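> First to last, the protein sequences are chains B and P.
Position one of the first sequence corresponds to residue 3 (the working numbering), numbered consecutively onward.
Position one of the second sequence corresponds to residue 3 (the working numbering), numbered consecutively onward.
Read the hints as simulated data drawn from the structure, not as lab findings.
Computed from a prediction, not measured in an experiment: that's the story for all the values here.
Any given hint could turn out to be false.
Because identical chains cannot be distinguished in the list, a pair is counted as satisfied if it fits within a single copy or across any two copies.
As the list claims (entries may be wrong) - Dumping the calculated PhoX-like pairs for lysine-lysine here, alpha-carbon to alpha-carbon at most 25 Å:
1) K166 to K409
2) K11 to K409
3) K239 to K11
4) K113 to K95
5) K171 to K340
Number of protein chains: 2
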Amino acid sequence: MSIKLDLRKLESIKNDKEFQLLFEKGMKFAEEIERDDAIGFTDLPEEDRYVKQAKAVAERLPEGIDTLLVLGIGGSALGAKMVRDCFSEELSKKLIVLDNVDPYTIHNVAKSINPEKTVINVISKSGSTVEPISQFKFFYNLFEVELGREETLKRIVITTDISKGNLRKVAEELEILSLEVPENVGGRFSVLTPVGIFPLEYCGIDTELLLKGALKQKLSGKETAVTGAVLDYLFYKQGKNIKVLFIYSDRLYRFGEWYLQLFGESLGKRFDRNGKEVTVGATGVLAKGVTDQHSQVQLYREGPDDKLFAFFKVNKKIDVLIPESFSQFEGFSYLNGKTFSQLMDAECEGTMQALENTGRPLILYQIEEINLETMGGLIYLFELQTAVCGYLYNINPFDQPGVEEGKLIAKKLLGY
Amino acid sequence: MSIKLDLRKLESIKNDKEFQLLFEKGMKFAEEIERDDAIGFTDLPEEDRYVKQAKAVAERLPEGIDTLLVLGIGGSALGAKMVRDCFSEELSKKLIVLDNVDPYTIHNVAKSINPEKTVINVISKSGSTVEPISQFKFFYNLFEVELGREETLKRIVITTDISKGNLRKVAEELEILSLEVPENVGGRFSVLTPVGIFPLEYCGIDTELLLKGALKQKLSGKETAVTGAVLDYLFYKQGKNIKVLFIYSDRLYRFGEWYLQLFGESLGKRFDRNGKEVTVGATGVLAKGVTDQHSQVQLYREGPDDKLFAFFKVNKKIDVLIPESFSQFEGFSYLNGKTFSQLMDAECEGTMQALENTGRPLILYQIEEINLETMGGLIYLFELQTAVCGYLYNINPFDQPGVEEGKLIAKKLLGY
Chain B
3 MSIKLDLRKL ESIKNDKEFQ LLFEKGMKFA EEIERDDAIG FTDLPEEDRY
53 VKQAKAVAER LPEGIDTLLV LGIGGSALGA KMVRDCFSEE LSKKLIVLDN
103 VDPYTIHNVA KSINPEKTVI NVISKSGSTV EPISQFKFFY NLFEVELGRE
153 ETLKRIVITT DISKGNLRKV AEELEILSLE VPENVGGRFS VLTPVGIFPL
203 EYCGIDTELL LKGALKQKLS GKETAVTGAV LDYLFYKQGK NIKVLFIYSD
253 RLYRFGEWYL QLFGESLGKR FDRNGKEVTV GATGVLAKGV TDQHSQVQLY
303 REGPDDKLFA FFKVNKKIDV LIPESFSQFE GFSYLNGKTF SQLMDAECEG
353 TMQALENTGR PLILYQIEEI NLETMGGLIY LFELQTAVCG YLYNINPFDQ
403 PGVEEGKLIA KKLLGY
Chain P
3 MSIKLDLRKL ESIKNDKEFQ LLFEKGMKFA EEIERDDAIG FTDLPEEDRY
53 VKQAKAVAER LPEGIDTLLV LGIGGSALGA KMVRDCFSEE LSKKLIVLDN
103 VDPYTIHNVA KSINPEKTVI NVISKSGSTV EPISQFKFFY NLFEVELGRE
153 ETLKRIVITT DISKGNLRKV AEELEILSLE VPENVGGRFS VLTPVGIFPL
203 EYCGIDTELL LKGALKQKLS GKETAVTGAV LDYLFYKQGK NIKVLFIYSD
253 RLYRFGEWYL QLFGESLGKR FDRNGKEVTV GATGVLAKGV TDQHSQVQLY
303 REGPDDKLFA FFKVNKKIDV LIPESFSQFE GFSYLNGKTF SQLMDAECEG
353 TMQALENTGR PLILYQIEEI NLETMGGLIY LFELQTAVCG YLYNINPFDQ
403 PGVEEGKLIA KKLLGY
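For reference, chain B alone in the conformation it holds in the complex (with noise of 0.2 Å):
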């Protein structure tokens, strides 16, 4: 297994009748969502469809392409920003995510980029998210007035419904390029749907390995998924309102952005299936090691015990030794002979035994190795455990009914 997850001090929970029979719950809760034809995103690790779609669509598009700009928001962007982020090395274009639309930002990626050289991808599953839409106002505007209608329009590529909303009107109506978000598979669920392959394969990134990696998961990996499906909803219940992911790895940071999306989403919810309120929710709170050793295991430590950390740790990293320089000086040559990666991770020992010894609920997902295979992994141990946890809180994971209300005031206070 490529993802371990080592519950250290936590192990004998495991004995208890309570976590037992949650976890059978859980188990049982497992195969359902996977068996659920109505939940997609269980199928995408065997679906091939998309990452051949997307190659399709990449070869239509035109030569000499060197930057893909995505236009998207929330489950729209983070998965393409969590891969690209992670493999930057790998990309054979550069893929800019604009997912916001601050004035200052949009006016700099206008400025950063050459339209004759760039691929535009509006993303939107309901094709009316007004971040998105404005963004696309925008960009083709300005790729208009440089390379003329038709040029501008071959340099788009429209992700949306199959067949509702209006991109997909705008799509077929000017016979623009696009590609499906499949009706079963929610925003935040989507990143190996076109809504993360296209971006990542048009980008130079083997998205058939994330499939492989998410698969490999899905087929051995759904105890690992329970249990910490069982463990947020335990320690919840037990008032740990909060949930850190402590991430030893500057490279896996946006997988952190990204996760704590799918767990807010999914799982702070007001009524359960049956319309009876319940108000559940832990926050994710995302810290990265060793750094913010140095600006949160303060009060980690010493602030109330209102916490589970969850960390996340590389077992293989690469080799760059600690050279010997200033060994005359004092405090300077124990480091000698030893590697960052030694220093990484005797750090992470000791801010996990210095939190265990202060009490603090305290897990480790232990990851082989940074490729595309585990990120795949990560991709779906983390959703079916999100998926499993809201079927334990009995509340329905894959909606978000909370977030329309602000939408239709800013779109009010817009003279919509």
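With the hints as your guide, set chain P onto chain B.
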């Protein structure tokens, strides 16, 4: 005032007796903190010595330098990163802040720099922080191999305690250029000392403007800081153990990271000043507007009522018009004639109202415009607010006893 605190629906809290008593107490604490010679950060806005020192050191460095590599972590890194990312267009040199020991990142930074054109600024108040020490060993060696000893030593600036510690000894014995971290200013309060002033000034930032803004805030912003401190205190006592900073600005996002360290390390404490166990400390969470409306607002509105929200909005932004493209299609024309700034503001207002309609406590910081003076103002405002809040808790906001144990365990694991 360039930073205005709007209490919105919480405005009436000012009529509460408890608020008023705490506010009076807080005002006295603020005066006490500003008067106390043992607390140095409040004197920094009037202190132009460090700018002069930075300029003097800059003049003694070799010509033709295009990159500054800062080796520091926590409070030795976050301030420079915050200002750098907000004013990236004003930088005259590339400013790399290496605040992790991930071998992947160190390897990449090593590949990306040209030692001949790079200056190293190693920062550690104590002079023995393991991360900058190990990085310093590594980059010193890298430079020495390429440039030789003499040219390498010319390209180093050490920022540490004025007389104590291992790094001070290195600076003295090897006659390396050095700067002081004043003894009465802790790492997380040190951005306006040589810790932040040197890297920023050397890379082209007019740090006098930062000080000017901080001074303006000091002279006229005490009520704002104390109001914020009282609200932090009161809502934490009422069970809001999470404080969300919702920042509607790409450029200000790292201000949030800086603030989270200040807030977490200063206020997350187990014992009060009398050694009595009190255990306090809200956990800060960072969200970016509008982006995280599509990631966290579901949880914020429908999840538990355990959060105090502080929104940050920039009033004056550049005008970027949303053009009329695709107006013939449904759902595209209502944005015509609007700017991205208006869209962003409407979404901010919509999100705030939606949260207020759900009864969530929320305040709004209105920032007139982003410039170096308002940045200086933000720095002073939140440093003072955090210190005052610590005094309301009767804890020491200036220490961090909880971070030692993990460091010791790590050192032991490394064979120290």
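> At 25 Å max between alpha carbons, let me know whether K113 reaches K95 within a copy, between copies, both or neither.
Both ways: K113 and K95 sit 18 Å apart in one copy and 20 Å across, limit 25 Å.
> Under a CA distance limit of 25 Å, which applies to K11 and K409: within one copy, between copies, both, or neither?
This pair counts as between: shortest inter-copy Cα distance 20 Å, intra-copy 44 Å.
> Is the C-alpha distance from K171 to K340 at most 25 Å within one copy, between copies, in both cases, or in neither?
Classified as between; 23 Å across copies, 60 Å inside a copy.
> Could you figure out if K239 and K11 sit no more than 25 Å apart (CA to CA) within one copy, between two copies, both or neither?
Answer is within: at 19 Å inside a copy they meet the 25 Å cutoff, but 31 Å across does not.
> Please work out whether the CA atoms of K166 and K409 approach to 25 Å or closer within one copy, between two copies, in both situations, or in neither?
within (20 Å within a copy, 56 Å between copies)
Hint compliance for this structure: no hint is broken.
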